[in-house]
Amino acid sequence: MVKKLWGFFKNTYLALMLLFLYAPILVLMVFSFNESKTMGNWTGFSLKWYQALLKDGTIMDALGVTLSVAVISAVVATVLGTLAAIGIHSMHKRRRAVVENISQLPMVNPDLVTGISFMMLFALLGLKGGYVRMLIAHITFNIPYVIFSVLPKLRQSSNQLYEAAMDLGCTPWTALRKVVIPDIMPGIVSGFILSFTLSLDDFVVSWFATSGIQNLSIYIYSIARRGISPKINALSAILFVAVITLLLIVNLKSIREEREAEKQAKKLRA
Amino acid sequence: MKKLALFLAFILLFGLFCGCARRGGKDSVTLNVLNWGDYIDEDLLKQFEAETGIYVNYTTMATNEEMLVKLQQPDCIYDICFPSDYIIEKLVADDLLYALNKDNIPNMQHIDGRFLDLSFDPGNEYSVPYMWGTVGILYNTTLVDDPVDSWDILWNEKYSGQILMYDSIRDTMGVALLKLGHSINTREQSDILDAEAALIEQKPLVLAYLGDPIKDRMIAGGGALAIVYSGDAMWCIDENPDLAYAVPATGTNLWFDNIIIPKTSQHTAEAEAFINFLCNPEVAAQNAEYIGYSTPNSAALEIMGEDYIDNPTYNPSQELLDKCDIFHDLGNFINVYNDSWNRVKSFVG
Amino acid sequence: MKRTVFAYPYIVWMLIFILAPMLLIVWYAFSKGGSFTLGNLITAFSDPVYMRVLLRSVWIALKATAICLLLGYPIAYLLSAMKKSTASLLYVLFIVPMWMNFLLRTYAWQVLLDKSGILNTLLAFLHLPAQNMLYTESAIMLGTVYNFLPFMILPIYTVLIKLDASLVEAAHDLGANGIITFFKVILPQSIPGIISGITMVFIPAITTFAISRLLGGGKFMLYGDLIENQFITLGKDAWPVGSALSFILLVLVLASMAVMRQAERNAGEEGGILW
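Protein sequences, first through last, are from chains A, B and C. If you read the first sequence in my numbering, its first letter stands for residue 1, the second for the next number, and so on. If you read the second sequence in my numbering, its first letter stands for residue 1001, the second for the next number, and so on. If you read the third sequence in my numbering, its first letter stands for residue 2001, the second for the next number, and so on.
Same shape as in the complex, but just chain A:
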């Protein structure tokens, strides 16, 4: 009985939290079907914003930049950041403190300051390409999130595994790949997901770090002066449905597999 109550309580809590996170998403999806241009002022059902979206070259360009920068920057930041975390973890105390503190700078600095400082740096370095500038900026503000996701996992895992693997004749790379990385995988994955998330949503740093190229956030902030078009709601709705569908397909399959495996195990025991 108590167990059932606890289970009920657990599920209700998670459901409420998900409702909290998804409520605004539902709102903006609903208003993508609004006849009127104003979010919050429902005047009737219409699909016109979806049609308008597909014809809008500027939005499609921006979407392309957003997605490709998010993937590339998150991958590079995850690789660099994971290696960095492994290295930092085995540094001497003082040096580690210095590196950790500097790594925190992109998190501590207001985005605006980071963006402006990039703008000045890139001008000094004479770096021209808008896309490359955006990539570098995104990789840089992503790395700390990877490092601080991986470091707690390193602390949890045993130092001796790596040494043991080396003693057994592994090269450092194999030891890393076969022993250390699998152990800290959850940290790497969450670092990657955080990076991807941050990159998708960044406006301030991107705006100042680059010119002549824009991601969706820059586009959305700039149209806000005249009112956000429901085209953007429509785009979000499409992306959202696509992501959720993909997730469910991938995950439901593995959930089913896990259930099957459990059944098999039960049968064997019986």
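Do not take every clue at face value.
[Said to hold, decoys possible] With a cut-off of at most 16 Å between alpha-carbon atoms, the simulated EDC-like pairs for lysine to aspartate or glutamate come out as follows:
hint, chain 1, residue 1, chain 2, residue 2
1, C, Lys2084, A, Glu257
2, B, Lys1158, B, Asp1146
3, C, Lys2236, B, Asp1329
4, C, Lys2002, A, Glu262
5, C, Lys2084, A, Glu262
[Unchecked claim] Covered stretches of chain B, as calculated for chain C (at least 3 residues, CB under 8 Å):
hint, segment
6, 1056 to 1062
7, 1115 to 1124
8, 1199 to 1211
9, 1325 to 1339
These are computed hints drawn from the structure, not numbers from a lab. Beta carbons are placed, not taken as given, at the ideal position from N, Cα and C, and that holds for glycine.
We have chain A already, so just place chains B and C on it with the hints.
Leaving out everything else, chains B and C in the frame of chain A:
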């Protein structure tokens, strides 16, 4: 792990596919345009590309000041920009603008003489006006029964919690200065302190200091009185017929958004062709109807017809315009405004 | 080969793209016309408005971080106790909302909280009085918690799933009940995750700027707004003071991190290393 990699590769491919959908040929000139968001009919860009073979890389910005930061960079890449009046003064003072060759912009003849040779750019050496308007009061006729004919109504306690002010130093300080009968370009410390006191007195009545969301709130009926630009008022009234727009007869702020070419531009001839294209009456009319802001192009206004010409919000009387003032760049004196503004914003009653 | 080598590529990156731009800002903060000055710092400190705004921002960020921890820890804990496949699905579900544009989500909150908005319509349906929710300090809090909650859940979850299960079992065997096991065994072991979570929520929350503007209605100026004002509205001449403002924040945050590190060391956690 493999699934994740596959998923990422998919997103990346999709992203690259979207990004490559629209790119100019290798040998054609690319114009880098920086404009306010949603401030041009993008079909016109395609028309321009088709007519001239010049490719337009169109990007957008959110505020004048953000754009200014970009234009001040030594490696600025833009060829066309759309700053407001007082920013032009600053750009001219910093010697950041390219002097236009009027021979390449014959369509400038269609611009109404009233909107040429203005104080921020005498002789239009560097800029061509793009859109203009006034600042006024948007009000909900179902909630406001007093006549809206003076700035004082924004200080009326009857409308406590229903007043929306602009979240911008110049605009909101400007309204307070106008209410007090001071110039919106005043450099008298005492005037600023008066305005600060008036805004602090008003703060308990204010629902919020907002930027663009003012329009959404007013359309949704969430406020009784708000400061807006005339062009936005047109759109709000369109969406919600209960709304109306009024400018106090004592005058207000008159503003202009203008087209300029930064000095760093490598393609000035093509940029001038672009300006000329935008000044073409047919094009300007289509553009103004799309945006909804007032056009300075008199030939375009003729094409747009009486609905626009006779609308006092869209085309206010010369009598009113004579009483209006354009913002000037304040130089370092903006700090005095800013200090006052900070005290207003951080004031807790 | 020592493992520190793995950090070298990053350290090069860090020097060029983190340290160098930061030095540019520090240079701005401490110079006037090319020579060294403390004037900008003094300006920043002597204006009572700046410090009041800073204190309020830190206070709001602290409260938001505490709420995120209280809401997020149970989520991470419940997820970590689930079957792996279910947990990994839910874990992503908690992140996906963040993939929608931030500004758009915040606009949607305006629609939810507005006087004539969706929540008030629901209240009216239940015959409850309408609430003024939008443009209040609570709305800022809600927006901040909403935007940073996933950043609290993730690091705690990653630590909890690899908890040493044998310790929990041992505690049970020794007669500890669920609550004692949680506070004596599980919570202490998850501290590295908690600290990572706090870092990722508290620090960015101090300088978040659009939330106070959109949900607070610009009536509650926060430090991010102040810095933005300095750098953007006032233009290049105000960059030195703006840099000084962000430098003050930097020192403040790094100092508080050092204190946290020291506190943890004193608590004797595994030789006292923070992460």
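Hints, one by one, checked against the model:
1. At most 16 Å may separate the alpha-carbon atoms for a hinted pair to count; C:Lys2084 and A:Glu257 meet this at roughly 12 Å.
2. Proximity of B:Lys1158 to B:Asp1146 is assessed by CA-CA distance (about 10 Å); at most 16 Å being required, the pair is judged to hold.
3. The hinted pair formed by C:Lys2236 and B:Asp1329 meets the criterion: a straight-line CA distance of about 14 Å does not exceed 16 Å.
4. Taking the CA atoms of C:Lys2002 and A:Glu262, the gap is about 43 Å. The hint is violated against a cut of 16 Å.
5. Proximity of C:Lys2084 to A:Glu262 is assessed by CA-CA distance (about 13 Å); at most 16 Å being required, the pair is judged to hold.
6. Counting residues of the segment 1056 to 1062 of chain B whose CB falls under 8 Å from any CB of chain C gives 0; the rule of at least 3 is not met.
7. Coverage of the segment 1115 to 1124 of chain B by chain C is violated [criterion: at least 3 residues with CB-CB distance below 8 Å; count 0].
8. Under a criterion of three residues with beta carbons nearer than 8 Å to beta carbons of chain C, the stated coverage of the segment 1199 to 1211 of chain B is upheld, 7 such residues being counted.
9. For the segment 1325 to 1339 of chain B, the assignment as covered by chain C holds, since 5 residues bring a beta-carbon within under 8 Å of that chain's beta-carbons and 3 suffice.
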